[in-house]
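Trainee: Using the supplied hints, reconstruct the complex from the two chains, each of which is provided in its own coordinate frame.
Chain order of the listed sequences is U and H.
Take any residue in the first sequence, note its place counting from 1, add 527, and you have its number in the working numbering.
Take any residue in the second sequence, note its place counting from 1, add 3, and you have its number in the working numbering.
What the hints contain is simulated information worked out from the structure, not anything from laboratory work.
As the structure is a prediction and not an experimental result, all values here were calculated from the model.
It is possible that some hints are incorrect.
Stated by the list, open to error - Straight-line Cα separation of at most 25 Å, SDA-like style, residue types lysine to any residue; simulated pairs:
#1 U/K546 x H/T145
#2 H/K155 x H/R198
#3 U/K704 x H/F29
#4 U/K729 x H/R121
#5 U/K731 x H/K91
#6 U/K700 x H/L89
#7 U/K546 x H/K148
#8 H/K6 x U/S790
#9 U/K765 x H/I204
#10 U/K727 x H/G159
#11 U/K738 x H/V83
#12 U/K729 x H/N123
#13 H/K234 x H/K318
#14 H/K194 x H/A166
#15 H/K9 x U/D755
#16 H/K91 x U/G780
#17 H/K131 x H/E187
#18 H/K139 x H/T152
#19 U/K789 x H/K24
To be verified - Pulled from the structure, derived: some chain H residues nowhere near chain U, Cβ distances all over 10 Å:
#20 F34
#21 N123
#22 K155
#23 S179
#24 N191
#25 A227
#26 T262
#27 K290
#28 S303
#29 K318
#30 I320
#31 R323
#32 N342
#33 R365
Glycine residues also receive a C-beta, built at the ideal position from the N, C-alpha and C atoms.
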Amino acid sequence: MVKINIITHVHTPDQQQSKLDNKSKPCILFGVSDELKAYRLFDPVNKKIIINKDVVFEENKGWNWEQSGAENHPEIVVAAKESSDSQSEPEEEQPESQAVRNDSHTPTLEIPAEGRAKRNRRKPVWMADYEEGGSIYNDSNTSVMLAAETDPVTFEEAIKSKKWQEAMVKEMKAIEKNQTWELTHAPKDVKPIGVKWIYKTKLKENGEVDKFKARLVAKGYAQHYGVDYTEVFALVTKLDTIRIILYVAAKNGWFIFQMDVKSAFLHGERGNICSTSSWIYRKGIGRKGV
Amino acid sequence: MYKLKKALYGLKQAPRAWYNKIEAYFLQNDFERCFCEHTLFTKSAKEGKILIVSLYVDDLIYTGNDQGMCDEFKESMMLVFYMTNLEKMRYFLGIEVLQNTNGIFVCQQKYAQEVLIRFNMVECNPVKNPIVPGMKLSRTDTRPKADATLYKQAVGSLMYLTATRPDLMYVVSLISRFMENPSESHWNAVKRILRYIKGTIELGMLYKRGEDITLVAYTDSDYAGDVDDRKSTSGFVFSLGTGAVSWSSKKQPIVTLSTTEPEYIVAASCACQCIWIMRILETIGFKGQKHILILCDSNSAIKLSENSIFHGRSKHIDGRFHFLKDLVKEGKIKLSHYNTQNQIADIMTKSLKLEQFMKIRRMSGMIAASDIN
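Extracted from the complex, chain H is given alone in its bound form (with noise of 0.2 Å):
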């Protein structure tokens, strides 16, 4: 019989004792946690110097604007923990990265061969778009019953791709939604979803070197989209300048009444998600922005954020969702009209015209690996 004196791996306990020991190690040598993001450390020293470190489990990414800091970082953790793949940022998570003097580039290609293997769709022929334009998927359809797991499995391989992936967010959310009962026809759509992530299998983010930072939130949501309960999507795309960095695409929890409606209600949730943005750039160095700009295409939502005038058409909307309003009051957020040919944010809740959704592909910042330089 032996008596455990530190951690095993499967025990439970074993990720909050080695959480607990590596914050431990970082908050002794002058590390700053980021107390939205507990596993985001930042380290600043004199004239600006500054060094960030994410963690994930076991993998550390670090960056900074100063080698010194960095080589004392990587020596002082060799010290203390037995280290491996010391190197330049190239493979982390399953996602590709590429950094050269033009930017930086994330892609999974590698990830992507993967699942067209593993569903069998490695010699499909490949399409341009991810859904049939206007197609539109129902919970009740006569069609013959699929393969329940199989279809989870499909979901859940396609859902960590769109961690590069925006255009992908939409249509992958869209058929999660029948993962308890799926049919031949929900099954169809995977398989074309397959079939455009091997046509465009290359396709990745691109971060360009010397851009501006200013956080832009794209918003949008679809009318009742949903043909069984009438709920409506929404969708949204934050950008740093030319590169997305974050973005959801996700069904409204709450049926609307007015097509305004749901534009608010993305606003509202698009305004929490611009707090903790603000909050992450803050930490590692970006102040200055005074506030953040939400393009939102519908005016009413606009006016209504504006003016708290209740009026029979909106008497009913939920207390939670005038969040929005105070931030607007306090100028933290702006939100302006933009125009729906231009709006990053349409991708992520309506099956677009091939057109209009190269294009609006393009804006995000996708790119195809070989088109870098």
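In isolation and in its complexed conformation, chain U is listed as follows (with noise of 0.2 Å):
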């Protein structure tokens, strides 16, 4: 008989475990696995369902969600944030001994009342100088900074900037300047394709922004080798032929120029597209922002 919900310890590998570390991690009892000859076990810390059978229980011992939920998991995270340091810093770890009593500041790790007892984590002596800097990550200046190097990943997150909008206007002055689709009625049997926008800021060599570029894609991944297609082809030349041109120019003293299509793929004819995947659906990725 299984009971759900009691304390477990889940031993760790000694592949993924140094000397120092917790030999076990505590978790909770979800019930077997349907898969695998184990326990299905919840990881509270890491918030992840893990399999295992190498497990100890405490059968006597149940996890108290109102407690966690409400108090305990900010906690339990900074618990974990501060145990990944520690295996980079094996000095934060001094025996108790030394460390001086500072509990004010002491995050600790409390597995509700009636889990496991965990020791106290107090902030080593040479620390009482300092500032701690894990706070500056929630900075709201610092979170908008970042948020404005990292490129949106939704049409919703998109639409609200005008740089992305101006971009997915010209995206679409290309496609629609190519000719590239036709309103109809699609025939019954036809299943539509997907598409979708990309957002991605281009670079410079010197790293400054060179531009914004939305490329609206059909979600190629829906289509069936065999059905929707029968090959794929890309079209590169080796390096060696490049470094061949680069000598031959060089000799002769020529100069080799460059040039980029754009837009290239929407240039390209339909001809042996085959009809099911001739179709493609554009529910919300709409005419909103164009």
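Mentor: Written out as structure tokens, the structure is:
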């Protein structure tokens, strides 16, 4: 019989632990795995489901969800962060006798009262002179800066900023100029392919922002081999060829020029694209911002 | 619901559709497609005028001996397609190109810097050679395991650096053998390469102006260099005068019994590459070289290619490697002995002593960006 919700200790494989690490970590039993001869366990620190059979139970101790949900979670996360820090800086964990009691700052790992008792973590003595820097990431200014450097993932995110709107307008114009599609009613048995936007900030050689690029792509992964397409083909030159051209040009004192074809793939004729894949579904990419 | 009339990014057919379109354009405009490299197009006109175009998906480079033809090509491309970045070749596929009156210099300084940042090695101490001389790496070692994902990422990143840097070719192909199960000693080898890159970030290839074009191949192999399966490594470098244009370092597919055999095998695989390069050169207008010289440092391998005598030590050699014999007989390829001291291909097969390494690196045409002028 398996009692759900009791505290368990899962053995950490030897390869993943170093000498001073815990040999096991506390988890909550969630039942038995369907696929393997093992238990399903929930790791409250990493918020992950683990499947393992190397487990020791504490049958009379259960997990107190109310307490853990409201109070313990943030602290558990803090403690987890600390323990990962201590791997790189072992000095941080000093013997208790040397440590000065500094309870007001000490984040504690409190697995509920009936759980296994953990020792309190204290700040080491030498840390007394320092201001802890871990909190700068929560600073609102930094998070805005970080967000500005990463490209948006969804249409909803992108539509909020002007630069991405402009980029999307540009791409839509290129598509329309090429007369890529026409609005029709699809036959009944056709399964259309969805499309989505991809956003990317292009940088110049010196690292400055070159342009903001939005590209409308079809979800090619929805196409099936043999049904929608029969071959995948990429057109690339061997670098040897490029070097030979470079050498020959250098020898003769010719100049080499380069150019990029803008929206190259939009030029392709749809000659041999099978009928099922030639329908796209355009809900939500829309004209909202365009 | 929209019905597609043209291709869209992301469709599996998109690249093929694009290639059909651009190929049709080139053929309409009297370009000739090279039959051994589908992305190379040439157009020749009277008085030996020639225009060479190479395509890399949507990027293309072109050169030629006539300004008029270049301009005409540019105009006509702009009419048909919407083009950007029309300028002298400067930055192509992450490779920096510097063109001046002395020649053309290519390097990947910016990419190398990005690799160092990615693997957190910007502040590392530089070293002078990419591998400790004489070091052997084994698949089965007892050191703790390294992070396999990170290791694979590092190998992939370094692999692209070999586009302009033959000095990294051997070490990168060496570390890539341990991708499935890397240990700490393998990861240390990767870190040493990154430290070497840090010290030599400026290095690139210089192709000088006014050199003669004579294709020469250098081949070399070690003997049973892999401690796990006793297979040898073959390496070759093609040089068209001063700068190397093509290079390779690869573990051989079979176990060999004598030192002659791996040398013979590498000469055979080098001969295949020879023929391909000759065809490219012919396409872009360099005919006249009757045979290609392969410089090899094993006399017995040369003898074996000249005389079809079988004796006890060589009768087991697979028939496909005797492809070389036919080419020698036809006179397309000539094998000749070369002094080990100046053998450029050594850099592709073994971890050399520092002095020799620097000498060969210089001989292959590598130079630091700050030393060009």
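Trainee: It remains to establish, for every hint, whether it holds in the given structure.
Mentor: A quick look at each hint next to the structure:
no., hint, verdict
1, U/K546 x H/T145, "holds, 17 Å"
2, H/K155 x H/R198, "holds, 18 Å"
3, U/K704 x H/F29, "holds, 22 Å"
4, U/K729 x H/R121, "holds, 18 Å"
5, U/K731 x H/K91, "holds, 16 Å"
6, U/K700 x H/L89, "holds, 22 Å"
7, U/K546 x H/K148, "holds, 15 Å"
8, H/K6 x U/S790, "holds, 19 Å"
9, U/K765 x H/I204, "holds, 24 Å"
10, U/K727 x H/G159, "holds, 22 Å"
11, U/K738 x H/V83, "holds, 24 Å"
12, U/K729 x H/N123, "holds, 23 Å"
13, H/K234 x H/K318, "holds, 19 Å"
14, H/K194 x H/A166, "holds, 20 Å"
15, H/K9 x U/D755, "holds, 15 Å"
16, H/K91 x U/G780, "holds, 13 Å"
17, H/K131 x H/E187, "holds, 22 Å"
18, H/K139 x H/T152, "holds, 23 Å"
19, U/K789 x H/K24, "holds, 14 Å"
20, F34, "holds, 15 Å"
21, N123, "holds, 13 Å"
22, K155, "holds, 18 Å"
23, S179, "holds, 17 Å"
24, N191, "holds, 18 Å"
25, A227, "holds, 29 Å"
26, T262, "holds, 29 Å"
27, K290, "holds, 13 Å"
28, S303, "holds, 30 Å"
29, K318, "holds, 35 Å"
30, I320, "holds, 28 Å"
31, R323, "holds, 22 Å"
32, N342, "holds, 25 Å"
33, R365, "holds, 17 Å"
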